[in-house]
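Chains Y and C, in that order, are what the protein sequence lines are.
Numbering follows the numbering used here, in which position 38 of the first sequence is assigned residue number 38; successive positions increment by one, without gaps.
Numbering follows the numbering used here, in which position 128 of the second sequence is assigned residue number 128; successive positions increment by one, without gaps.
No lab work stands behind these hints: they were computed from the structure.
Note that the coordinates shown come from a computational prediction; the quantities given were computed from them, not determined experimentally.
A few of these clues could be false.
Looking from chain C toward chain Y, a few residues come up when the C-beta cut is under 7 angstroms (computed) [said to hold, decoys possible]: (1) 4; (2) 108; (3) 121; (4) 134; (5) 203.
According to the in silico footprint, chain C covers these stretches of chain Y (three or more CB under 8 angstroms from chain C) [unchecked claim]: (6) 50-63; (7) 72-79; (8) 107-121; (9) 148-157.
All C-beta atoms, glycine included, are put in the ideal place defined by N, C-alpha and C.
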Amino acid sequence: MSSEDIETAPTKPTVTVLDYGSGNVRSAVRALERAGATVTLSAKAEDVLNADGLVVPGVGAFGSVMAELKSVDALRMIGRRVAGGRAVLGICVGMQVLFDAGVEHGIQEQGMGEWPGTVELLPADVVPHMGWNTVKAPEGTMLFEGIEDERFYFVHSYGVQSWDFEVLQPKMRPPLVTWSEHGAPFIAAIENGPLCATQFHPEKSGDAGARLLRNWVQSLSKKAR
Amino acid sequence: MSVAIRVIPCLDVDAGRVVKGVKFQNLRDAGDPVELAQRYDRAGADELTFLDVTASSGNRETTFDVVSRAAEQIFIPLTVGGGVREVSDVDKLLRYGADKASINTAAIARPAVIDEITRRFGSQVLVLSVDARRTQGAVTPSGFEVTTHGGRKGTGMDAIEWAKEAADRGVGEILLNSIDADGTKEGFDLELIRLVRAAVHIPIIASGGAGKPEHFPPAVAAGANAVLAASVFHFGPDSAIADVKKAIRDAGYEVR
Chain Y
1 MSSEDIETAP
11 TKPTVTVLDY
21 GSGNVRSAVR
31 ALERAGATVT
41 LSAKAEDVLN
51 ADGLVVPGVG
61 AFGSVMAELK
71 SVDALRMIGR
81 RVAGGRAVLG
91 ICVGMQVLFD
101 AGVEHGIQEQ
111 GMGEWPGTVE
121 LLPADVVPHM
131 GWNTVKAPEG
141 TMLFEGIEDE
151 RFYFVHSYGV
161 QSWDFEVLQP
171 KMRPPLVTWS
181 EHGAPFIAAI
191 ENGPLCATQF
201 HPEKSGDAGA
211 RLLRNWVQSL
221 SKKAR
Chain C
1 MSVAIRVIPC
11 LDVDAGRVVK
21 GVKFQNLRDA
31 GDPVELAQRY
41 DRAGADELTF
51 LDVTASSGNR
61 ETTFDVVSRA
71 AEQIFIPLTV
81 GGGVREVSDV
91 DKLLRYGADK
101 ASINTAAIAR
111 PAVIDEITRR
121 FGSQVLVLSV
131 DARRTQGAVT
141 PSGFEVTTHG
151 GRKGTGMDAI
161 EWAKEAADRG
171 VGEILLNSID
181 ADGTKEGFDL
191 ELIRLVRAAV
201 HIPIIASGGA
211 GKPEHFPPAV
221 AAGANAVLAA
231 SVFHFGPDSA
241 IADVKKAIRD
251 AGYEVR
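Chain C extracted, bound-state conformation:
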């Protein structure tokens, strides 16, 4: 027996409501985050992730309210990302009832913030979210570049090197999102997962491209310890989480 592959629904939250973009654009409202979170908890989700996509900082308080309401009723781990810049942001999220925080742009801008957060709260509290995109031509050694702004801006940083550096600095997990695969519903970018798996010894959460349950086992075979998706769960059948778990179990991996 070993640790189960985690299946994680992701809820994009804007001003207190769940949204999900196709390729991060054309956002579509899919309901109340806490209600949806409870539904996923009952349906067998192993963890939940809230991604705060609220543009204005004035509306961020609504997210803290959502986190706090979720923590009252949900007894599986909750990760919150979006707008995490420094130690105090993580502190605030934990106080409102989040278990982990995910960080993206702020860590690219100032990598030492990873050391600061993980020294204070431990590695397990911090997830590095990497939006990786295949490069046109030799921009980075691995052929995958770190992007920001939902994949619209390149950074010139090598995605694999960045994952490795962040792991060395103490981050507890990598949330690996393929910008190319995201929204396509054609499956995960397996090469990206394999490259990061070969580079780091911390858990990898694969994200981007899942369209049906059969897409998940190959991501696990490529080295993912957890799989994260949104649309498959939001707009799929009520049995979507169970279906994904069955596909993973049928492929010979353990699930809860």
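Isolated chain Y, as found in the complex:
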């Protein structure tokens, strides 16, 4: 970013949507633009590392998403962003891969291990869990501010159903965990400093999703200033 850009406040936050051939990313780009960001669809290191926020979409199998992320060197770039306190938002399988592991069809795949937990099949009569569901957001949530009682659009068969986060550093704020339920309680969203993620699709969740994305994009500009 040039010095001119910094001086012409208020600048729109820049967001890169990670482009690695995963499903419908067009909606995510449009929804983020509507939320007030300048959006780039790219997997180039300069775009991924320099944007104020990075969105990691993801649909399909856990293992194939991990493989595709590796193929564009995204694991390293996500790690670098998080280490530098730069915002990252994972969506759907883009959230799941942030956990330790995923088990699909009996095969365990390694995740990025940002958070403890294994992504497993939801124990419900009907899967995929497809449609609009409610969430329980914790006190102090930034993502769900003003939309705590809304429904969001989910489409997934797997989820993280337990949370055993050990607080090793009392000075560090523990992640804020939002839950939903389908067959069993599962994690619907996590807010953990620069690293946020939602199991549902905010870009497909109508006005509620638009508000969530706006909350996130606005948090980027607060940091940028």
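We have chain Y already, so just place chain C on it with the hints.
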């Protein structure tokens, strides 16, 4: 609290315009698909389905244009069906901004295409559309046969067995359309829904026969996770979606 029953307006699109046939014939123009889609989004639709009924492949590009324009302005899930034959067709639809693709005849002709599409994009991307018709006599074990060409041609395949096979192959949802009920406005074919519900563990979208809001709760009671209709919404009052949701809520089910 649990996942809400989805209410899905279906827009039949021919060369870029919305049409809806009574029993799939006598098509009637009901406007611009994107305009209508936005109206439904604002009215509380939970998802939208575009069914491309364009006969000639030359006119299919108009549908991609419609999908692309819709995706620019609509932030609820969009399913597109019609003309989906292989992985590359789904890929193209997703690139234009669809969230899911529905497949019908091509999967009957070559069931393995279901495995191919869902392995590539995941189960959630593929809806199997089944046009089921009650058989005259014992053509299939369940008494329901899979048809093609809008119900005009029988396949000899058992509709319930087909739904089960497709689910096993990885399809994410079944769009279950009753050819007998379609266009009658007398209500859904509840027996058909019950039989498929007993056979599969994936979501069922019930379609065909809805004429008024009271027709919807019984479909949910029979096992539908979502309900899809066209005429009720296209030619009904502006409050049609809200009316349908109220009927479902009053029957004790959750809606958005």
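Tell me, in ascending order, the numbers of any earlier hints that this structure violates.
2, 4, 7 and 8
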